[in-house]
Amino acid sequence: MVGLHAPPVQRRVLRNGLEVLLVPRPASPVVSVWVWYRVGSKNEAPGTTGAAHWLEHMLFKGSRRYRVGAMDRAIVEAGGVLNAFTDADFTAYFSTVPRDHASAPLDIEADRMTGATIPSEEIDKERSIVLSEREGNENYPIFRVEEEIYSLAFREHPYRWDALGSVQDIRGMHRDSLYGFYRKFYGPKNATLVVVGGFDPARMRREVERRFSSVHSTVADPTLNVVEPEQRGERRTTLKGPGSTPMVRIGWKAPAVSDPHAAALLMLDLYLGGENALYPTGGFRGAREHPTARLYQALVDRGLAVRAGSDWPSRVHPGLFSLFAQAAPGVRVERLEEVLLSESERLQRSLLTSAELRRLKERLLRGASLAWEGSTRTAFRLGFFRSLGSLAWDHRIFDAALKVRPSDLRDAARRLFRDGARCVVRYEVQDGARSGGAP
Amino acid sequence: MSPEPTMLSSPALELTRHELPNGLVVFHQRAPPNSVTFAVSWVGEGGSARDPSGKEGTATALSRLLNAGTRTRSKRDFAREIDRLAATFAARASWEKLEIEASGPQDAQEAVLSLVYDALTQPRLDPTELRRIRRELREALLREMSQPDERADRVFLEKLLPASHPYRRNPLGSPEALARLTREGLLDFHRAHLTPRGAKLIVTTHEPPATLLRKLRGTFGALDGGPALPPPEVPLSRPAHRAPLLYVSVPGTSQVEVVVGGTAPVRGHPDFPALTLANEILGGRSVLSRLFQIVREREGLAYGASSELESLAWAGLWTADAGTDPKHVETVHRLLTGEVRRLSEEGPSPAELRRIRESFLGSLPLLLETSTQAHGLAVEVGYFDLPLDHFQQWPRVLRALRPADVRRAAREHLWNGGAPLAVAVGPPRQDRPKDGKRP
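Quick note, the sequences are listed as chains A and B, same order. Position 273, counted from 1, in the first sequence is what my numbering calls 273; the numbers after and before it change by one each time, with no gaps. Here my numbering runs 439 ahead of the position in the second sequence, where the first position is 1.
Some clues are possibly wrong.
Dumping the calculated DSS-like pairs for lysine-lysine here, alpha-carbon to alpha-carbon at most 25 Å [what the hints assert, rightly or not]:
# : chain 1 : residue 1 : chain 2 : residue 2
1 : A       : 240       : B       : 766
2 : A       : 403       : A       : 361
3 : A       : 125       : B       : 766
4 : B       : 766       : B       : 654
5 : A       : 125       : A       : 189
Don't read these hints as lab results, they were simulated from the structure.
So here's chain A without its partners, still in its complex pose:
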């Protein structure tokens, strides 16, 4: 029971280059269908930031066989859910439907892979919706801080902008940019289709072949060769805005998920913050509390912060490893920064005890046993690792994490937490931000 028990995956590549991953689960009442494009905001150019995300919206706005709104109706009227999301490295479209309705999402995904119409009038209507999505995020200080730290840390690499794009670029976006992006990157060669759930595998293979084998397009390789220049010296900034209490986020340039040291970073993230998105580990659901995590103990338990954690999002290219904390009422942000930095220094000097490391591994091991429950989660996990680079990386990182030694973590901390490669964003609550009232 304990361990990372990935399900057997039936993999094949169609003649047009589309990679297909099938995981049949005969008893499941649902089927989850995902198409992952290895294209995201990293493939945008300055001036058209947000194009990948906006395009994702437009793929719901009609295609050769589906008029505007027809895709939504086909899935939701059958009781299913559909959605999509855009990341820096990939864009994913998914539907989970009752098992009797699996052909609807397959047909939609095949049709919009190259047949999206992207009508001009729909682009104009969508502009205010994309702006609204961004403005809704801006209401949260945590979004402002995250956007700021990436723009501070990266000067060349497209990770420097958020996938939502800048307000200016959203206002100025034209159909040519969106359609051009679509024609350039969307096609079977840049995509992986993942289907998990209650279906007959032979029938599903035929269905996939029938719907997708005729989809063709010539696409550009989305691989990016931009290398972020080495950072020479600390960068910092302070934001002011609405909020409850101040917060701080400190980021360091960190290796990509393909790096041989990825497992050590995963374990550092688990040790410091208590969770990592790659490996669900249970915990106090909804409470975002991690009493066993080092930063929680150093900041929350000591009355300095109301929340504290770490973040190492898995990236195709070198990204950021960051530590963050939000102050308890009355605590100054400088104090939080001191403690976060002292924790990063402590990890470079001293070794985790064998008991600490054992508990960390035990947690990882137990949590992994639940990683594949549910068709939607399983399909997400397969597509996610494939889009990052390889399905095999899941087991590779996991197995390596179980072999990590205390000295590996100390060495990883020494490579990571370098003073000269640090970015700091402080967030202060602006005067009067809580005192508003009715006019």
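With chain A's structure known, arrange chain B on it following the hints.
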């Protein structure tokens, strides 16, 4: 035409009810066949409506303390055990109830049940932890003032409900009330409210009912029953809807959160099924709903627009909301209110009713794949004392409803004699530039 859903008679909804001698009612639900997890919920008295006068925040503080260790396990040891088991654990208080929900791998069931039992019966209530929780609740109160969505919800309740209404008091308390919380006061509250009589223990598991009950009799079944508390008095809400849109400004925010709504029938009310469909038509059925189609798709005024009918036992609530640019507040308010009025005057067409109803029913199989998903349905049946075959009967009940039934429910409960209460929270209106562009 979509096939009618067939999964509602699935073994995933095999639910049985057992009353123990101490008054505790146990619901056993068979876990879905694919699932490798089990889930348990204790649902009982101890919600924030029972907070002692002047000590508002008691129930919330107590529920958070249940996450923070037992007599035999410190907070850290408790969390380590949860980590070790790969379990999830969450204790939380709402207006009506205090709930402990836990889940984990099926083979950890006994250990997780033991943790729930210990947390419920022997909470540590450490004074240091109480101080931490006070800090966190003070920060949450500040956040409620500065975050448009949270503030809109709070202002909405304060304007809608009379002072003595059980949902009017803030579950977070107030700075003054939080200062009055003591360990002794929490112990008294614990003794008075966290008792088996009237409480429900709901377990979704692969273990047969007889085996489960045998184990429970020696633990949860051996607790003293305690008193049965009558529901609190619920005063009639005054018709607050005649007031104009109330605008509350929070400097520095980007988007305005607009909320309209009012009181509604309780979960067990005969009109609840018709009102459920009215809500799905209005804004509950995601992309198919009127609000999504009109506010987002047709007018392009908001990223999201939806409505919600809350399932509650003592009194009901419904809301519709959208986040929009400050210059569109009046338009969005008019559209939200206008659709409520149109639904209450004209009702749905037979085709619209059928489309929404079948989508709603068709989505139930999506909740039957894993234990934690199916568990939510069992908790709803258990908490509201619904018939054990409630979800099997749901299609018959909903399909018997006609457009006139939905129109009447909307007229009586959503429109209720006048436009619903409306609150908007966002940037100060004088911040709006004359040309309508963002600063």
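Given pair status - residue 766/B, residue 240/A, alpha carbons within 25 Å: holds, 24 Å
Are the Cα positions of residue 125/A and residue 189/A separated by 25 Å at most? Status violated; Cα separation ~31 Å.
Between the alpha carbons of residue 403/A and residue 361/A, is the straight-line distance 25 Å or under? Within the cut-off at roughly 9 Å; holds.
Would the pair residue 766/B and residue 654/B pass a check requiring their Cα atoms to be no farther apart than 25 Å? violated, 61 Å
Within 25 Å, alpha carbon to alpha carbon, are residue 125/A and residue 766/B? Distance of about 16 Å is within 25 Å: holds.
Violated hints for the displayed structure, listed by number in ascending order: 4, 5.
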